[in-house]
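So the sequences go chain by chain: A and B.
Position 112 of the first sequence, counting from 1, maps to 112 under the working numbering, and the rest follow consecutively.
Position 184 of the second sequence, counting from 1, maps to 305 under the working numbering, and the rest follow consecutively.
In case anyone wonders, no lab produced these hints; they're calculated from the structure.
All values reported here derive from a predicted model rather than from experimental measurement.
Among the clues, some could well be false.
List time: in silico DSBU-like cross-link candidates among lysine-lysine, alpha-carbon distance up to 35 Å [unchecked claim]:
#	chain 1	residue 1	chain 2	residue 2
1	A	Lys18	B	Lys465
2	A	Lys115	B	Lys496
3	A	Lys91	B	Lys532
4	B	Lys460	A	Lys21
5	B	Lys553	A	Lys115
6	A	Lys115	B	Lys460
7	B	Lys518	A	Lys115
8	B	Lys260	A	Lys91
9	A	Lys91	B	Lys518
10	B	Lys304	B	Lys260
11	B	Lys465	A	Lys21
12	B	Lys517	A	Lys18
13	B	Lys541	A	Lys115
14	A	Lys91	B	Lys460
15	A	Lys18	B	Lys541
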Amino acid sequence: MKILVVDDNEDSRELVRKILKRQGYEIIEAIDGEDALAKAIAYRPDLILMDISIPKIDGYEVTKRLRERPDFRDTPIIAFTAHAMRGDQEKALQAGCNGYISKPINVRDFPEQIKIYLRKT
Amino acid sequence: MFKFITQKIGNKLMFTFIAIIILIMIIEMTFRIYFGVQDRIRIAEQGNKEVLDTIYAAMKHPLTVGDSDAIHRDLEEIGQKYENISVYLCDFNGIISFSTNKKTIHSNIENIIDEQKFKDTLKVNLTIGSEDSKSILAKLEGRRNLISILSIKNAPECYHCHGSSRKILGALIMKTDVEDVYKTVTAQRNRSLALTLFASILAIFITNLVVSRFIRKPLNSLVDATQRFAKGEMKVIEKYPSDEIGKLIETFNYMVSEVAKSKMELEKELTRRAKLLEERDELVALLQRANKQLKELDTLKSAFIANMSHELRTPMNAIIGYTDLLIDEVDGPLNEDQKTSLRKVAANARHLLQLINDVLDISKIESGKIELRPKEIDLRHLIEGIMATFEPLLTKKKLNFQLNIEEGAEKLYADEDKTKQILINLISNAVKFTHEGGITVSARVSERGLDKDGNPQFIEIAVKDTGIGIKEEDLNKIFDKFAQADVSTTRQYEGTGLGLSIVRGLVALHKGMVWAESEVGKGSTFYVLLPSKKEVYERNAPVIEEKMAEELAKYFEVPKEVFLGEPSYEGKLVRCWDYTQCGHVNCPEYGSPEKRCWLVLGTHCKGMKIGAYPEKADVCRICEVTRDLVLHREPLVTDIAKPSEKEKVVLAIDDNPDAVDLIKRYLEKDYRVVGILNSEEAVKKAKEIKPVAITLDIMMPRKDGWQVLKELKENEETKNIPVIIVSIIDNKTLAFSLGAADYFVKPLDGSLLLRKVKSLEAYRAIRQVLLLERDEKTREEISRILKESGYDVLAFQNSAEAIASVKTRRPDLFIVNITDPQNSAFDFIDYIKSSSDLKDIPMIALTNKELTEREKEALDGRIKDVINKALFSEEELIQELKNSIGRVGGA
Chain A
1 MKILVVDDNE DSRELVRKIL KRQGYEIIEA IDGEDALAKA IAYRPDLILM
51 DISIPKIDGY EVTKRLRERP DFRDTPIIAF TAHAMRGDQE KALQAGCNGY
101 ISKPINVRDF PEQIKIYLRK T
Chain B
122 MFKFITQKIG NKLMFTFIAI IILIMIIEMT FRIYFGVQDR IRIAEQGNKE
172 VLDTIYAAMK HPLTVGDSDA IHRDLEEIGQ KYENISVYLC DFNGIISFST
222 NKKTIHSNIE NIIDEQKFKD TLKVNLTIGS EDSKSILAKL EGRRNLISIL
272 SIKNAPECYH CHGSSRKILG ALIMKTDVED VYKTVTAQRN RSLALTLFAS
322 ILAIFITNLV VSRFIRKPLN SLVDATQRFA KGEMKVIEKY PSDEIGKLIE
372 TFNYMVSEVA KSKMELEKEL TRRAKLLEER DELVALLQRA NKQLKELDTL
422 KSAFIANMSH ELRTPMNAII GYTDLLIDEV DGPLNEDQKT SLRKVAANAR
472 HLLQLINDVL DISKIESGKI ELRPKEIDLR HLIEGIMATF EPLLTKKKLN
522 FQLNIEEGAE KLYADEDKTK QILINLISNA VKFTHEGGIT VSARVSERGL
572 DKDGNPQFIE IAVKDTGIGI KEEDLNKIFD KFAQADVSTT RQYEGTGLGL
622 SIVRGLVALH KGMVWAESEV GKGSTFYVLL PSKKEVYERN APVIEEKMAE
672 ELAKYFEVPK EVFLGEPSYE GKLVRCWDYT QCGHVNCPEY GSPEKRCWLV
722 LGTHCKGMKI GAYPEKADVC RICEVTRDLV LHREPLVTDI AKPSEKEKVV
772 LAIDDNPDAV DLIKRYLEKD YRVVGILNSE EAVKKAKEIK PVAITLDIMM
822 PRKDGWQVLK ELKENEETKN IPVIIVSIID NKTLAFSLGA ADYFVKPLDG
872 SLLLRKVKSL EAYRAIRQVL LLERDEKTRE EISRILKESG YDVLAFQNSA
922 EAIASVKTRR PDLFIVNITD PQNSAFDFID YIKSSSDLKD IPMIALTNKE
972 LTEREKEALD GRIKDVINKA LFSEEELIQE LKNSIGRVGG A
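Chain A extracted, bound-state conformation (with noise of 0.2 Å):
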């Protein structure tokens, strides 16, 4: 199983790596909405974390141009932003999202929270 991991902060994206390579997953990482775009086709992951915030193009923006081709329209993208007001959450949904991860993430539930986005899909 691949998981394509959008973060800007590297601290994030290592964390997420660590918990998830322990449940045998395998971790690609994007550090910008281009990186992440470009990874993602060329990956083709099973699921992909999407932080919002990132430089270049948006987490937002990156969903909907991934949604846009056959190949990605039902791999599940999993908004994970430290925002926390109540639009934000609308705004992924809307512009693509399977779900909704808000950091900080709780290192316990994470694995399982992974397991069950990947099971509906």
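Put chain B on the given structure of chain A with help from the hints.
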């Protein structure tokens, strides 16, 4: 033409005059011409007749005798004498026998005078005859001739020649050329006509002049002026006659000047209005700009909140995540101590996160960024969902949990997330502060906030615990930000201190209310009113029900009707009673356009102290109108009870109730603080309660602190009360010059304030003053004044005496002249310094000169005030000394 006449009075008059003159002229000429000719003719006829008679008389004899020569001679004579007269004598056949013109003899007269009328008349005269002569006017050869005919009758003397058969013998005809007479008459007539014409023209001219001068000109000028006036030209007519037209013009002038005057006033008024309008427009534009800027700021604030949220939570993600990874020994095993430490890191990090979340929630509530999405909620389902998360904690703490929802209270109409947040906050508080027993959550239909038909529309949810409870006085504060009941609780029970603030804000958004009841050691109950009806959100009108009015009526000791219907205060309808916008900047609803009743739904307002509602209902201190509503209550006094004799009272004057509250808290251990928010009542209140000290803010509306200070110091009753300035601005010089005792710049240090008030109070206890002054005159003068002011004075002229005195007595104040070398004041000061009993007594130093550095050093910390005697006259010195005693109270 006709128009020209009818349009002007002058012309009308002129026309009439001319018409009359012409008429008179015509009549006059007709008469003259007609009668003039007639008269002439009659005169001529008469003349002719007489001449004819004379001629006949003269010829009668020659005719009788047949002396034809004589006749010829006579006629010739006549012919020569009168050129214009021709005389003919003809027989009965008309054949001329004699004539003035001999050529005509033997010709028929009818051929000479060939005129029909004449022929007819002649015929009559020659056949029938007539007694008298007949005259005929006839035109002969273009000239007018008067022809008179006289019949010559056959008389007896003539029978001898003519026989007696014939009656008429012939006729004497006299033809007079009257052409010249006519001409004379015509000339005369023409002259007369010319004269008349001339006179007429003169008359017209003069009339015209008169009409012009006296009628047309003034009238024209009046008409002109009137027309100009109609066009808006405000000019009076300067020259005018004194007749009726003049009067008319005078009236017109008066009217013009009146109209001009009012027009000028009107114009002035219009200009003023225009200016006002302009100003208003400017203000409106200004407001619009300000509004726009505020909106921009608001947007910025929102963006800032969002950014802060993101920026704060991002590092928290790494901190909490990595710590948890370490605790879970992902990176290798840890020993117990390391684990314990890391758990503390994790717990504190979560606490910090909670704090961040709460702060963000609060700022969102305060900036109005929270939008409710109310819908129908099943309360049981909601609470059971919440309780599931508390289950482990309840089990751990061995607490039981009960849920009682009465019939009819199952459904709320509220925002689900927010309701959840409210209940989680209340329940987690209950769990946190309860160590044994349990938590009961109950819900029932509220009898508060009924609609106007008396139908309930709020559900009252009560969260009851058997925890540590809250002190009565703290109930007011717990809904404030960062206000746990007391500091020790914060230490013991972790919490952000924002939970209840958030609850209050969220409840207020639902137009509900929240309050608490508690008993220390037994537990607390928190009540929340949340709507069950959609209509609550749709209507802006508040709901006032009888029960609340009763409670308020009891509290304010006024009839409950005051709180029902449309109350008025001093004749004015108090709109605020129905709807009001909160004016408190700290209020989450501040700036919201929504108007609500401060009583029923005003849970947002800090001044409400809603925590203790309704038993401790208090009005919103900020809203003046609501203040007025308390009717005859002392307005804006935070503590209205009269202090008892023994109580020491401090009067705190500050327009900000929070600042008053703070001072109250700082001093409440030793003083009762009476706060007033309206600076205008400061002096009155000070006189009334006689405080030991006054704290005074400077920047206040209505009357600033400087003014209050001046008034306090000018008033005989209040001038001795020490005033401590507590202000955000720093202007100590002005404060002290106005007589302030001390100056604190905000933020206020509470313990320092308390110490200051205490020392000031000590100053008031000054009874005995020790005076060390060598100069006898000065000593006696100061002693006298101090004694007059009620002090007990011990006066000494040297140190030794003074030292001896303080061995047995303990004065409250020393006044020492330190610059007179002979009284060796420093011996005394050194003695005081060394005595633990005396060193705290304040001291005022008198000097005659500027102090040297050494002297200053020696005095350092000892002297409370220094008075340089050289700078003051004797009188001023005494005053200065008094002021100094006032200042010396300070630590």
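Here is what the structure says about each hint:
no.	hint	in the structure
1	A/Lys18 - B/Lys465	holds, 22 Å
2	A/Lys115 - B/Lys496	holds, 32 Å
3	A/Lys91 - B/Lys532	holds, 30 Å
4	B/Lys460 - A/Lys21	holds, 23 Å
5	B/Lys553 - A/Lys115	holds, 34 Å
6	A/Lys115 - B/Lys460	holds, 28 Å
7	B/Lys518 - A/Lys115	holds, 33 Å
8	B/Lys260 - A/Lys91	violated, 137 Å
9	A/Lys91 - B/Lys518	violated, 41 Å
10	B/Lys304 - B/Lys260	holds, 14 Å
11	B/Lys465 - A/Lys21	holds, 27 Å
12	B/Lys517 - A/Lys18	holds, 32 Å
13	B/Lys541 - A/Lys115	holds, 27 Å
14	A/Lys91 - B/Lys460	violated, 40 Å
15	A/Lys18 - B/Lys541	holds, 34 Å
Checked against the numbered hints given earlier, the structure breaks hints 8, 9, 14 and satisfies all the rest.
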